[in-house]
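Undergrad: Next come the chains, spelled out residue by residue.
2 protein chains.
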Amino acid sequence: MKLGIFDSGLGGLLIAKSIRNRMPDIDMIYLGDTLHVPYGSRSNEAIYDFCRRAVEFLFSKDCNLIVIACNTASASALRRLQQEYLPEHYSERRLLGVVVPTLEEAVEQGAKNIGLIGTNYIIQSNIYEDELQKIDPEIKIIQQATPLLVPLIEHEGTKWAQEVLNDYLEPLKKQSIESLILGCTHYPFLKSTIQDIVGPDITLLSQDEIIPGKLEEYFQRHPEISEPIGRNASAEFYVSDITDSYQAAANSIYGEAISIQKTEL
Amino acid sequence: MKLGIFDSGLGGLLIAKSIRNRMPDIDMIYLGDTLHVPYGSRSNEAIYDFCRRAVEFLFSKDCNLIVIACNTASASALRRLQQEYLPEHYSERRLLGVVVPTLEEAVEQGAKNIGLIGTNYIIQSNIYEDELQKIDPEIKIIQQATPLLVPLIEHEGTKWAQEVLNDYLEPLKKQSIESLILGCTHYPFLKSTIQDIVGPDITLLSQDEIIPGKLEEYFQRHPEISEPIGRNASAEFYVSDITDSYQAAANSIYGEAISIQKTEL
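Each protein sequence line maps, in turn, to chains A and B. Every letter in the first sequence is one number past the one before it in our numbering, and letter 85, counting from 1, is 85. Every letter in the second sequence is one number past the one before it in our numbering, and letter 88, counting from 1, is 88.
Calculated directly from the structure, the hints in this document are not laboratory data. Please note: incorrect hints may appear among the correct ones.
All copies of an identical chain are treated as equivalent in the list; a pair is satisfied when it fits inside any one copy or across any two copies.
[What the hints assert, rightly or not] Quick list of in silico lysine-lysine cross-link-like pairs, BS3-like style, CA-CA up to 30 Å:
{"hint": "1", "residue 1": "Lys-191", "residue 2": "Lys-159"}
{"hint": "2", "residue 1": "Lys-262", "residue 2": "Lys-174"}
{"hint": "3", "residue 1": "Lys-262", "residue 2": "Lys-140"}
{"hint": "4", "residue 1": "Lys-214", "residue 2": "Lys-17"}
{"hint": "5", "residue 1": "Lys-174", "residue 2": "Lys-17"}
{"hint": "6", "residue 1": "Lys-112", "residue 2": "Lys-262"}
{"hint": "7", "residue 1": "Lys-140", "residue 2": "Lys-174"}
Just need the whole structure built from these sequences, with the hints factored in.
TA: Written out as structure tokens, the structure is:
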């Protein structure tokens, strides 16, 4: 069993780390497409093409299950890629996203009105509402694009985050949501600010907390692909462009110094 | 004479439009690398590679002079590309950037202390100070990275721009600068906010106002490449990725509806 984790950049390292903490006996390869980040404003075709190259890379490295940790990539390319790697033809090439597991968690917690914040792409794609319809059409989702949060996090702008978030979250606070999905790998960095604004009665759904458990459940349902390694498993990290800043950010997000290798994508 | 204008995205359309207004009898091709924008966080090697592909495209379209309108691209790749297209070997392949013309304008205006705002890349590259040293080592430049301005402009965040700019410009106001270079294609959109903050005694140096005149001077010095067209010259617009949002932004920045074509880069 080798797990691939793909993100458009480095934010997905937060999910990678929490998966690692929960399942330290699984070989893991992380790939961040730092040459093409951010995906959120690009065309569907461009995002699909980047994702296809990324999963091809991870499959070529013998990953048999890939988690697409990026919400934009999950929304844009996951279904199409899953069609291309149908389990009946590629039993060793499975792809999971983050949208459906996050919605499942929200529904399991009993929410009837779910809030969602995400990039422009995620909100315009309507992927969360479309997938929620399939799970339970009675449940409502109230969506809000929050495009400035990633730049504020990446460019030392968190001192303005409260003011910007007050503005963004105002419409959501007027609806009676029980939970709020943080629909971007970066948003957990603003968790406490967001919780302060929405108040303690609203449960924040943060993918770095949700995905490891959902992945474990997936392995329990699919014992054929999840043989334990039984030793200290490997962790490799690849990016498509490397700078000192990227290295520093990677160490910071993953929470320890990691060795990053560059690969062509 | 066919002029190429290259930018990492669509902000350079502001310079393209002001060049067009001043010299309507020159054929012009604009290329925005929307598939890879923004350049500012990427490695030198990645930026150089994107720029090389872009100028190859414009040369293949018979441009004999290319203006690299993007400050990051000018800082990272211009000198190296100029070395590859030396005039003695490629008399029809000339490359100009925006950094040196902007500094020349500041010096001609008599400034002794020049302020500069730009992306992280521009400030870290130290390109403006390095080039100013060659023009006049007595003149000082005081630099300030302002990485949140482009996201604020692109994501309807201008209502927070004043507060962010107050913070960014505070160190510059303490120095006695006479002029302030807006070192990014997007910053002219915040011209009035910036002018209000720095006060009326500081001259803003905006590249959409400077480059057309500098280009005209260049043509006067090089009459061999600047034969006038003598008819309503053509204007073509290419991008490496196209979406409805990009089309709308392009129309808005250029100030009229334009027909954009997609090309592989």
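Undergrad: Would you pick out the hints that fail for this structure and give their numbers low to high?
TA: Result: hints 2, 3, 5 and 6 break, sorted rising.
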